[in-house]
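Protein chains: 2
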Amino acid sequence: MKKLINTPESVLEDALAGVAAAHPELTVDIPNRVITRTVRPDAPKVALISGGGSGHEPLHGGFVGRGMLDAACPGEVFTSPVPDQMLAAAKAVDSGAGVVFVVKNYTGDVMNFELAAELAAEEGVEVRTVLVNDDVAVEDSTWTAGRRGTGATVLVEKTAGALAERGAPLDEVAALGERVNAASRSFAIALTAATVPAVGRPGFDLPEDEIEVGVGIHGEPGRRREKLRPARELAAEVVETILADHHLTPGDEVIALLNGLGGTPLMELYIAYGEVAARLAQHGITVARSLVGNYVTSLDMAGFSLTLTKADAQLLELWDAPVDTPALKRA
Amino acid sequence: MKKLINTPESVLEDALAGVAAAHPELTVDIPNRVITRTVRPDAPKVALISGGGSGHEPLHGGFVGRGMLDAACPGEVFTSPVPDQMLAAAKAVDSGAGVVFVVKNYTGDVMNFELAAELAAEEGVEVRTVLVNDDVAVEDSTWTAGRRGTGATVLVEKTAGALAERGAPLDEVAALGERVNAASRSFAIALTAATVPAVGRPGFDLPEDEIEVGVGIHGEPGRRREKLRPARELAAEVVETILADHHLTPGDEVIALLNGLGGTPLMELYIAYGEVAARLAQHGITVARSLVGNYVTSLDMAGFSLTLTKADAQLLELWDAPVDTPALKRA
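Chains as they are written, first to last, in this note's numbering: chain A, 777 to 1107; chain P, 777 to 1107.
Quick caveat, the hints were computed from the structure, so don't treat them as lab data.
Take these hints with a grain of salt, some might be off.
Copies of the same chain look alike in the list, so a pair counts if it fits in one copy or across any two.
Said to hold, decoys possible - In silico SDA-like cross-links for lysine to any residue, where the CA-CA straight-line distance does not exceed 20 Å:
(1) K1105 x R1065
(2) K778 x L982
(3) K1105 x E801
(4) K867 x R904
(5) K778 x T971
(6) K778 x L1004
(7) K778 x P1006
Please construct the entire structure, taking both the sequences and the accompanying hints into account.
Okay, here's the thing in structure tokens:
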């Protein structure tokens, strides 16, 4: 295993120390493993909190800031954070307007966020939970009952974050998050597996000429293995798989996230995006907004995911709203 | 070779198609291989143009936009663009105030940009050239006489771009670029080699437990090979190597760019940055600003580079100035 780490045991703590050093605009509570905004909102507002296993950076800590998250709770690599972290985060950022937990659908995350919501309620913090389950690849998976939560998390956090920033009430922010999740579908292809530091070897073995179609962000198995093919064909397969589930019709507008899984060069992500855009155009679907880059990664996994969110005027306006986080900025 | 491409021959054209589809704010002239801003500056201003081989994305196309570059000329992978591209770019963006070429010090790039400057002068475009040569690793290298140009390019393009945006005259913008380059030093360590699509295999062989210390962004050999060590030790070596050349003294302020070479997860880059920041603090050097992420990549190479630019009030102010490009945004 070749990794830029000190020890497999200290990766989370060491990474948080780096985040703290790099981002004075974030406050990193290393013992409690909670990342919050250094400058708190001027007025009471609904607080958005997310979290999950580490190894998906910039998700979630990189999305803490004005217009997006109020706090993030990073777990160990590919491991759910614990309820105490989420409770500490909720207490740290609740202004009395309540808290929305944005939870990717993995069994551990769901259970821990549920427990945290109960604990928070006992301490007088009102909590709503938005469950993200956008991955159309498989119905159940290694660590999930139902569909996995992946790229749509970025869209939920961005749009719900923008709405919260404007002072919308708790139920409205949560409802928007649920609506964005329902309007989103994702699908991923891996060219290589990720190596978790504590494991020391790739999560699965993939022959030199094969890919994993429908892979999860922890390397969970997808639908099948196939031979590696040109980007045009892979993009077409990803688009067709999403459209088969998404009921988009010609004339519809989407927000498209072409997401790198960590080990794929940006040049290749642009190649894939060009093919995705061309394929969508053949279907008469307009990409109203797009985002290309590494946003929901899986350590050093090579590959990409595509998320398509059906857009409307409200979602586009919230997507375009100002945001100031390490990983996503908009004036 | 596992790559998300159509064919090795079409990677540049296919990537440019993707950039065009993803970024309406950029205008991509695919036949001429020139990327410009879609919305041109309101008033005449000095135009900043850069370029070089592809495979280093987001450099340079990702830095085209208000507050940074006016145009980028991407060559084939790890191959200089040609003078006709640069001439086309100069003619496209010159507003009469002149053009600054930002050139990384590689023999092919230097020669081609020189020729382009002569051609542009013949057509009445006044050109200045800023040569970036910040890599302290080796004096001469595979494709370079003198020091290689790497991470400092981002700092030159950002600060000179900000100055140009304010209407500073040609000589002043070029002088600022030269000053930033002179104030900058970089050093890189690779854990793995990049694979150029047209070659189909890694650029060098590195045993599973070895690293290349002082590597160039095209995989040029560095100073030596060593055993892989903890991030703390690698960060210390990089910092000490730069400081041995840079004559920084306690109390000095720097802008630090902790740059991923493409294949290293962001989590690991933060680990490395935390160690770099701690080491600099031991020397009494203050990191006034930092940037952590993939900015000057080498396809899928795993590893990182560190660039330290000695800061002063003017450089910090220009670094903080608004910028709106795909890869770097600031309100």
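For each hint, the structure was consulted:
no.: 1; hint: K1105 x R1065; verdict: both (15 Å within a copy, 17 Å between copies)
no.: 2; hint: K778 x L982; verdict: both (18 Å within a copy, 11 Å between copies)
no.: 3; hint: K1105 x E801; verdict: both (13 Å within a copy, 15 Å between copies)
no.: 4; hint: K867 x R904; verdict: within (14 Å within a copy, 56 Å between copies)
no.: 5; hint: K778 x T971; verdict: both (9 Å within a copy, 17 Å between copies)
no.: 6; hint: K778 x L1004; verdict: between (25 Å within a copy, 8 Å between copies)
no.: 7; hint: K778 x P1006; verdict: between (28 Å within a copy, 10 Å between copies)
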